[in-house]
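Line by line, the protein sequences are chains S and G.
Residue numbering for the first sequence is 1 to 64, as defined by our numbering.
Residue numbering for the second sequence is 1 to 642, as defined by our numbering.
I should point out that these hints are in silico values taken from the structure, not numbers from a laboratory.
Beta carbons are placed, not taken as given, at the ideal position from N, Cα and C, and that holds for glycine.
Any given hint might turn out to be false.
Just some of the chain S residues that point at chain G, by a computed CB distance under 7 Å [unchecked claim]:
#	residue
1	Cys-42
2	Gly-43
3	Ile-56
4	Phe-58
5	Pro-59
If you only want the chain S side, here are some residues facing chain G, beta carbon under 10 Å, derived [stated by the list, open to error]:
#	residue
6	Ser-15
7	Ile-17
8	Glu-18
9	Val-19
10	Pro-21
11	Phe-38
12	Glu-40
13	Glu-41
14	Phe-44
15	Val-46
16	Ala-47
17	Ser-61
18	Thr-62
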Amino acid sequence: MIPKIDTELCTGCKSCIEVCPPLAIVVENEKAFIDPEFCEECGFCVAECIVNAIAIEFPSSTKK
Amino acid sequence: MEQYPHVFSPGRIGPFETKNRIKYAATETNFPFSDGFVSDREVAYMEAQAKGGAAIVTTQGAYPDKKGEGRGFKGMMAIWDDRFIPGLARIADVIKKNGALSCIQILHCGREGGVDLDYCLMPSVVPQKLSYFKPPREMTKEDIGASLKDHIEAAKRAKAAGFDMIEISGIVGYLLSTFISRYTNKRADEYGGDIRNRCRLMVEVLQGIKAETGGMPVGVRLCGHELLDDRGGNSVDESIESFRIAEEAGADYLSVTIGWHESSQSVITRDVPMGHWLSVAEAVKKKVSIPVMMAFRQFTSDIPERAIAGNMIDFWEMCRPMIADPELPKKVAEGREEEIIPCVACNLCFSRLYYHQPIMCSVRPTVGHERELEWGYYGFKKASTKKRIAIVGSGPSGLQCGVVAAKRGHEVVIFEKNSITGGNINLASLVDEGAVELLRPIRTLEKECRRLGVEIRLGEESTPDIIKAGSFDAAVIATGATIRQYSDAENASCLTPADIMVKGQKPGERVAIIGGNGTGLGVAIFLLRQGDYRITIIEESGKIGRDVNPFYLWQYIRLMKTRKAAFFTNTGIERVEKGIVYLNGKKAGSFEADIIVAAVLEPEKKWRDLAAAKEVYFVGDAKRPRRLNNAIHDGYRLGMVI
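Chain S on its own, in the form it takes in the complex (with noise of 0.2 Å):
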């Protein structure tokens, strides 16, 4: 799953393109985008963003 990434929240640190393997992340305007045909749904920015702007949509058997 591709993360998706708060907008709102976001304030531009990249820190989550310090650890992003195939750095597929840009800030642009001070927000992250992620771009879909590099990303390799690792997850690590995820769990590197403090201000929890990143996050996976797990899927639920009632909401795919």
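Assemble chain G onto chain S, guided by the hints.
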């Protein structure tokens, strides 16, 4: 089969005769839903495992409690309510329908549980260093009683779902193991104290399940060597005694595992020789008379064959080798070993679990897509138009693309400028002990290409003009990365990783490595294994080894720190001149080095803007320098659509 008479001899577990000695071992996938229900994806994955020829196929661990204290993964399967039975029954059915014995694991993750809670349950409060896990809460006697009941109720559901046998797991920091280990069990009541008391919960669970399921066969998975000597863990004798206690309590088989997640020693990485841990299983086997099994770095069938013949184990368990190729048992049995997609112990599968992502496999992109037709796990539909495809480069991305494109009916020619296939994997295979295993998937892919009629032109460097002249419909640029250069005109350029690792250039003592990703670290590790070097790694980002799997990174960093390597992060290269590196950023300044190795990778540039063929694609490092898994997945995915 003749080659491995012991692996393919019938075995016995409780009342069952098994068709061979191979067991697909319990493996978390994160394929089930976040509410614990079985997904189609999980069923398809398990179906592939069942079709692969193992005698026994084990499910992933299912957590037995409603609160989720036992739940260690967001996508962990649940068994705490009857509503989960229909989904679980689908897995039992699909295993049995394909001729294997079905085994379900019941797993309370204990110290690693409570993934959505703010605590985890343990016999005693012993905090741990791994930040991923929750702060521990000591279990009361009521908690222990409730957990025992949860396990037994779960077992009844397992029976109702139609499974042949049940496995309970007390390994790596999961609940039962935290009771058994001296490190985490400091209790003063009857659940703590000597090893027999510490095994009490495991024994009660085992006997409770036996009593309430009408004596279903129950296997127990325990730790044979915790590798926690630095933290006061069990002695090996105590661990072995825990297996004996399990046998005495009525276990039908014993699975021997090694290490905890907190162990500061490598257990399943490539530096651990295959078969290394079998002596621990043998020590258990000497003390018991029920079947003993083990997984752990037995990737090739000669190892379990010898171990079974030598009375070290009775069954060969596999997780990772069968994630990489569920058909491994069948291929061994049919003498098609060279067709096995080989696990390279990269541990991509494992590390993803802790980041709440479904498992992936570097060498088998179809993991989790077994029933999606376009992925071709059970074979591809031919492409509507047959194309003539040129692939430039025979590294992992080029070879993998060739295999899939050829399976879809295309005519494929691979151009390779060197005399052997493999591209930069040939370099990576030199980094450290065990890295040579990285060549195994290359050999497999190369042979598969040849079987499929892909023409591999070795020693033929290709250019856009050559491709143009060959009238190809599509060109796939899989030439790998190029090395960023830093020198000015009047100086000799920096050395490349290949200069050091292949051409054998011996640097002076002071080595500057520009680039702290996998490539730079690989050069550093390679050098430190050859001799004493004072290494400085310069990395423009804030992190060393961003693209290196955590399972390997900590080992590499530890080695480099012991050998006094310096890390200059957030530091860029101003210029390189006459053996002096001029830096900007955090470590702005300059320093002298006897040799400077450039190890920052960049995408292929020569082949941009070309009209060599009607369609031009870039894969692997030529597209963007990344890791082995990206190269193989790029190649596979392009092959699917080209």
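Verification of the hints:
1. Cys-42: With a closest approach of 6 Å, the Cys-42/S hint holds.
2. Gly-43: Where the cut-off is 7 Å and the nearest Cβ of chain G is about 3 Å from Gly-43/S, the hint holds.
3. Ile-56: 5 Å, holds
4. Phe-58: 4 Å, holds
5. Pro-59: Because about 6 Å separates Pro-59/S from the closest Cβ in chain G, which is inside the 7 Å limit, the hint holds.
6. Ser-15: 8 Å, holds
7. Ile-17: Interface hint status for Ile-17/S: holds (8 Å vs cutoff 10 Å).
8. Glu-18: Result: holds, 5 Å to nearest chain G Cβ.
9. Val-19: 6 Å, holds
10. Pro-21: 4 Å, holds
11. Phe-38: Constraint on Phe-38/S satisfied, holds at 6 Å.
12. Glu-40: 6 Å, holds
13. Glu-41: 5 Å, holds
14. Phe-44: Interface hint status for Phe-44/S: holds (6 Å vs cutoff 10 Å).
15. Val-46: 7 Å, holds
16. Ala-47: 6 Å, holds
17. Ser-61: OK, holds: Ser-61/S within 10 Å of chain G, min 4 Å.
18. Thr-62: Hint on Thr-62/S: holds, closest Cβ of chain G at ~7 Å, below 10 Å.
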